[in-house]
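What follows is the residue order along each chain.
Protein chains: 2
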Amino acid sequence: MQDLTQYSTETVQATEDFTLHIGDIEAAAERLSGNIVATPLIENDEINRTLSARILIKPEMLQTTGSFKFRGAYNRVSQLSPEQRKGGIVAWSSGNHALAISAVAARHGVKATILMPSDAPRTKIAGAERCGGTVRLYDRLTEVREEIGADIARATGAVIVPPYDDPHVIAGQGTVGLELVHQARDKGLELDLALLSCSGGGLVAGAATAIHALSPATRVYCVEPAGFDDTARSLASGKPERNAPGARSLCDALQVPTPGQLTLPINRRLLAGGVAVTDAEVRHAMRVVYDTLKLVAEPGGVAPLAALLAGKLDVAGKTVAVVLSGGNVDHDTFSACIAG
Amino acid sequence: MQDLTQYSTETVQATEDFTLHIGDIEAAAERLSGNIVATPLIENDEINRTLSARILIKPEMLQTTGSFKFRGAYNRVSQLSPEQRKGGIVAWSSGNHALAISAVAARHGVKATILMPSDAPRTKIAGAERCGGTVRLYDRLTEVREEIGADIARATGAVIVPPYDDPHVIAGQGTVGLELVHQARDKGLELDLALLSCSGGGLVAGAATAIHALSPATRVYCVEPAGFDDTARSLASGKPERNAPGARSLCDALQVPTPGQLTLPINRRLLAGGVAVTDAEVRHAMRVVYDTLKLVAEPGGVAPLAALLAGKLDVAGKTVAVVLSGGNVDHDTFSACIAG
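Keeping their order, the protein sequence lines are chains A and B.
Everything in the first sequence is counted per the numbering used here, starting at 1258 for the first residue and increasing by one.
Everything in the second sequence is counted per the numbering used here, starting at 1258 for the first residue and increasing by one.
These are calculated hints, taken from the structure and not from any lab test.
For every residue, glycine included, the Cβ atom is placed at its ideal position computed from N, Cα and C.
Misleading hints may appear alongside valid ones.
[What the hints assert, rightly or not] With beta-carbon atoms standing in for the labels, derived distance ranges:
#: 1; chain 1: B; residue 1: D1274; chain 2: A; residue 2: D1302; range: 37 to 43 Å
#: 2; chain 1: A; residue 1: D1376; chain 2: B; residue 2: E1404; range: 29 to 35 Å
#: 3; chain 1: B; residue 1: R1393; chain 2: A; residue 2: A1529; range: 32 to 38 Å
#: 4; chain 1: A; residue 1: A1493; chain 2: B; residue 2: R1306; range: 44 to 50 Å
#: 5; chain 1: A; residue 1: R1393; chain 2: B; residue 2: D1376; range: 25 to 31 Å
#: 6; chain 1: B; residue 1: R1387; chain 2: A; residue 2: A1529; range: 50 to 56 Å
#: 7; chain 1: B; residue 1: N1292; chain 2: A; residue 2: S1494; range: 28 to 34 Å
#: 8; chain 1: B; residue 1: D1443; chain 2: A; residue 2: P1473; range: 28 to 34 Å
#: 9; chain 1: A; residue 1: D1408; chain 2: B; residue 2: A1593; range: 41 to 47 Å
#: 10; chain 1: B; residue 1: R1442; chain 2: A; residue 2: A1501; range: 51 to 57 Å
#: 11; chain 1: B; residue 1: D1571; chain 2: A; residue 2: R1306; range: 54 to 60 Å
[Said to hold, decoys possible] In silico contact screen, one side only, chain B against chain A (beta carbon under 7 Å); selected entries:
#: 12; residue: L1289
#: 13; residue: I1293
#: 14; residue: G1323
#: 15; residue: L1337
#: 16; residue: V1545
#: 17; residue: Y1547
#: 18; residue: K1551
#: 19; residue: V1553
#: 20; residue: G1584
#: 21; residue: H1588
#: 22; residue: S1592
#: 23; residue: A1596
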């Protein structure tokens, strides 16, 4: 296992060669064991029939705070020194990282300040406050959250816990990939493909690291919303691409301007590619998840299944892992989506 | 293990002394292993805080066909002889048993005819047909489903698979109780209480049999809708009680006129009591399950949690298992319930 402390938040710019090792993810899994929900791997006859494949679904909306983000947040915060804990945490997030940080901070008795976009779902803002976090809203189009966060950190001595450009956060999210491979093997199955949502790329980078180490033949794809497919385009062009300003998507959790500085190098090495999904494809998948799996998926959480149901990848006859990454969605949005 | 074949559907009247043994349920668990979804046992910080207790939630809406009913149906149908399979199956159900029988029959290559009330949720009727079952609707207020079923069985040679008054069905449902005790112990916990929904009483009778054998100190309660609390009243009076005709409840899955003939003797011996919940309490619990667990619970499926949230039992400081028994609910009903 490497010493991840060399990659502090202040040094993420020097990251062309950044890599995580399976040992980092296994160490995170040990820290998380007993402290997170052991989400199952679910198979559904109807979805299998529809896609002529074996689809193994990992419902991370069942995770504490309703998304996989609790894993990375827990792995990071549980390693803070007593001295660091005194200064508290500052974090920014479209919502799920905020909820996770608030809950993890509360469990560790640490104060948390969370920057959230003013157009984040109400359920996410209220949830972060209910968990004990202090929420400060910002305007996603005119303010830069990294700058506000850095100001707060300087003024208060708080530790910044970024949503994806942090080795411990990526390692925590990577435990999803570790579990996918082990749970599939418990069923006697080897994964041909694995699909994961992608915003800054922490989940897919961490998971791909684990999957590549344990099951090198598995092809890992990231799935992004149309208009926010910066990682897919960066993989194709070989350099960091930016999304056009003003793009809109139903997937509030998957909207970053450009890939992460730590995550893109990993994803360039390990991913088979990326696909994008439209709002209509996302809504359809949310309805299928409601009808067949009885799960509440948020728009960004269902993107990988949306890609499969829309036929974006040929999976006939294959064994495919799909991560449903979160379920924090306002009542009215959810009701409108499942109404079809 | 006793020979359950002596209790055929034709002899359920002679059942004052009917009992199931833990061996019957363990045998069912072996038949089901690898053929059902291994539903997890989930804990949620917010629900624990709200109830000042450790609440262990078993989400059976994640079970194949969206409810625990798949367990009993599988245990029954998988034991049919080749000769019996030729004649097909006939079953009656408010919905979840119908879905389960259709899917189990399809997996075993057996024809299934299902009698469903004409006011059953559309999602349940359509689902049973999509699974390959032949649905025949009846009027719940003017027709007797047991009589229609017997007529079909006589005419076609089909085997009747009743929703609860069948030893193999009860034993299959009982695997929920077996798993509850084992999964709680995996977390180092002993159950003080367990709460399960009750319609005909098959789930709670089977689960109570397993729980009583493995964890005799656990008190098991059944939860019914107000107006359909026939089992609770029967437990209190010591004789089978009937519900007043014309009662109405949001819980479409929990409406029988009187307790089962095989289930009531078991429940009288093993249950600590029964509580009833109102439609408003059920709607509130559906919303809590949506907000905190990201699960789709149908009204009848959420009754036990509704009872706890409404303070019907004192659980402070206790460890309590709660089964969420199903999630088959029409879009519009669900949206109205979570809108609050």
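Each hint tested on the structure:
Here the CB-CB span from D1274/B to D1302/A is close to 39 Å, well matched to the stated 37 to 43 Å. A C-beta distance of roughly 59 Å is found between D1376/A and E1404/B, which places it outside the suggested range of 29 to 35 Å. Between R1393/B and A1529/A the CB atoms are about 49 Å apart, so this pair departs from the stated range of 32 to 38 Å. The hint said 44 to 50 Å for the Cβ distance between A1493/A and R1306/B, and at roughly 47 Å that hint holds.
Evaluation of the 25 to 31 Å hint for R1393/A and D1376/B yields a failure: the beta carbon distance comes to about 51 Å. Taking the beta carbon of each, R1387/B and A1529/A are about 33 Å apart, not inside 50 to 56 Å as hinted. The given range of 28 to 34 Å is broken by N1292/B and S1494/A, whose C-beta atoms sit roughly 47 Å from each other. Take D1443/B and P1473/A: their Cβ atoms lie about 32 Å apart, and the range 28 to 34 Å holds.
The hinted range of 41 to 47 Å is satisfied by D1408/A and A1593/B, whose Cβ atoms lie roughly 45 Å apart. As the Cβ distance of R1442/B to A1501/A is approximately 55 Å, the hint placing it in 51 to 57 Å holds. Against the hinted window of 54 to 60 Å, the Cβ-Cβ separation of D1571/B and R1306/A comes to about 47 Å, which falls outside the hint. The beta carbon of L1289/B comes no nearer than 15 Å to any beta carbon in chain A, farther than 7 Å, and the hint placing it at the interface is violated.
For I1293/B, the interface hint is violated, the least distance from its beta-carbon to any beta-carbon of chain A being 11 Å, above 7 Å. With its C-beta approaching chain A no nearer than about 5 Å, G1323/B sits inside the 7 Å limit, and its interface hint holds. Interface restraint check for L1337/B: the shortest CB-CB distance to chain A comes to about 20 Å, outside 7 Å, so the restraint is violated. At about 12 Å, the closest approach between the beta carbon of V1545/B and any beta carbon in chain A exceeds 7 Å, and the interface hint on this residue is violated.
For Y1547/B, the suggested interface contact is upheld, since its CB lies about 6 Å from the closest CB of chain A, less than 7 Å. A least Cβ separation of about 3 Å between K1551/B and chain A falls short of the 7 Å threshold, and the interface hint therefore holds. Taken as an interface hint, V1553/B checks out: its beta carbon lies about 4 Å from the nearest beta carbon of chain A, inside 7 Å. Below 7 Å, beta-carbon pairs count as interface contacts, and G1584/B has one with chain A at about 3 Å; its hint therefore holds.
The beta carbon of H1588/B comes within 5 Å of a beta carbon in chain A, closer than 7 Å, and the hint placing it at the interface holds. Restraint check, S1592/B versus chain A: the minimum CB separation of about 4 Å is within 7 Å; hint holds. The criterion of a C-beta within 7 Å of any C-beta in chain A is met by A1596/B, whose closest approach is roughly 6 Å, and the hint holds.
Hint compliance for this structure: hints 2, 3, 5, 6, 7, 11, 12, 13, 15 and 16 are not met, and every other hint is.
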